[in-house]
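Visitor: Protein chains in written order, with the numbering used here: chain H, 1 to 189; chain S, 1 to 311.
Because the hints were derived from the structure by calculation, they are not lab data.
Mixed in with the good hints, there may be bad ones.
Pairwise CB distance ranges, derived in the manner of DEER restraints [stated by the list, open to error]: (1) S79/H to A93/S: 43 to 53 Å; (2) W65/H to R209/S: 50 to 60 Å; (3) F171/H to G101/S: 33 to 43 Å; (4) R113/H to K7/S: 16 to 26 Å; (5) W65/H to L259/S: 25 to 35 Å; (6) L10/H to G159/S: 37 to 47 Å; (7) R105/S to A154/H: 52 to 62 Å.
Chain S stretches covered by chain H per the calculated footprint, using a threshold of three residues with CB under 8 Å from any CB of chain H [said to hold, decoys possible]: (8) 22-34; (9) 63-74; (10) 121-131; (11) 189-196; (12) 208-222; (13) 260-266; (14) 272-283.
Heads up, the beta-carbon is just placed ideally off N, CA and C, and yes, glycines get one too.
In case you want the letters, here they are:
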Amino acid sequence: MKSLYHSRPLILLGVLGFWGVSLVEMTPQVLEVHKQVDNTIDPVLEAVSLWQGSWDLFAPDIDHWNTRVECVITWEDGSETHWSTIDWANASAWERMRNFRRNEYFDDLIANRGALLWPAFGDHLVRTLTAGENKNVRWADLIYLGETLLPPEAHWRKAYITPQFRAPERFYSWYPHEISESEIMLFGN
Amino acid sequence: MKSPSLKSCCSAIDRFLLAPGDLRILNVIRPMFGLFLAINLLFLWPDRHLFFGAEGLIPDDIYGEFSNTSWKISTFVPRNVWGVNAYFLALFASLGSLIVGFSPRMSALLVFVLLSGLYNSNTLIFDGEDTIFRLLAFFLIFAPGPLELKQSGLPGEQGSTPYPIWPLRLFQVQMCAMMLACVWQKLRGDVWIDGTAMYYVFRLYDYQRLALPEFFTENLSILKVMTWSVVLLELSAPILIWFKKTRIPTILVLMVFHLMTDLTMNLMMFHWIMITGWMSFVSYHDFSALFSMFSKRDQSEHVEAPLLSTN
């Protein structure tokens, strides 16, 4: 085994090859040829789980918004149950660590491909929030709250304060069964 | 026949990769890596079925959309309660084995395979920190274990056959390349150029941890200095760290930067795995000197007490 560590051709091929493909992957694609090479090696790197992307940590831009997801379950008797993602402004250090991964998920839930996730998320929330209840769910609304951070010269927002969210926006309604348009009209949701 | 410049280039590459090296710092990096990854995964443990089970947030009908084409949990076990539990436990067992240094290369291989499988199973919840963990796990596959390093001896020792330096170079080059790539990306963004990046960072409420005094967060000039300092550090550190004279100060600045940022920003174990990576630039000699400085101080306190009392 140790002789392999000293095998010059093997080491040069392996190490320099790895650094070469990493360089192609890490650097921004300015030239067309760069893009083509990157498109060729990306599937290979993904197949061997050695992809690393372009290291755009907080770059080139930074998120300019704070978000929160809420859910309102409406029961058949008309009563409501409310749920929301963690209130980061008042969360403890432990809660922040505990919810870090969930936050990554919620970021995706309200991003481009999020619509694919909504039915399963609705199922999960309703399943969790209705456990032990002896009444039926009429529907559940998923709601998005957002705050946009304007440039400091346009509006100076203090740090470490609770976000001033815009009016809530419903982005998905979950129903316990396939629902017709007339039923939606009837219940007014 | 090779030209002189090509020849000198080849010999420089040979020296950089194949010269005998003191790789003992890898015996420090390995358990640090294992410990920080274990902490990271322990926070994921309560949500394992939610994020990786077929009954969770990614059911089978959308699994293909949010997982990679490479190997994943379902390659090895079914995505049910039993399968996900078994997968996590196997990963923890491999990590334990890596931390204690039992069959370190095989343990690293297992950690890399299982960790990659985890990441490949859910592309929604992992970020840059996890990419570093995965890559360092891969590099550890090539890191000789403590026993092998002891048996091979050190460079310059009589009768020794030391390992070449390249397993350590994998860590070093990765850390520097990563940081330079970050700078490149930052320089393409307006907020890092106009100096307002830190203004936004301190106002993203999901990343906050300990609050800095208003002096830092409510003064645009200070925020601009902080923004540009980050860029300057990320640009200079990967260069200065290669020179003997500037290495130690650079490492110290990096450590302070990562620890301070970790105190003020919630990025899970990102800064801890970065510190682990930068450890590849610390010589084992310096590390053990620092370590023994503290242990000697402890020892001297223990020794002096009875001497004083007998006088």
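Visitor: A separate judgement is required for each hint: does it hold in the structure or not?
Guide: Against the structure, the hints come out as follows:
no. : hint                         : verdict
1   : S79/H to A93/S: 43 to 53 Å   : holds (48 Å)
2   : W65/H to R209/S: 50 to 60 Å  : violated (19 Å)
3   : F171/H to G101/S: 33 to 43 Å : violated (50 Å)
4   : R113/H to K7/S: 16 to 26 Å   : violated (53 Å)
5   : W65/H to L259/S: 25 to 35 Å  : holds (28 Å)
6   : L10/H to G159/S: 37 to 47 Å  : violated (26 Å)
7   : R105/S to A154/H: 52 to 62 Å : holds (55 Å)
8   : 22-34                        : violated (count 0)
9   : 63-74                        : holds (count 6)
10  : 121-131                      : holds (count 6)
11  : 189-196                      : holds (count 5)
12  : 208-222                      : holds (count 8)
13  : 260-266                      : violated (count 1)
14  : 272-283                      : violated (count 0)
Checked against the numbered hints given earlier, the structure breaks hints 2, 3, 4, 6, 8, 13, 14 and satisfies all the rest.
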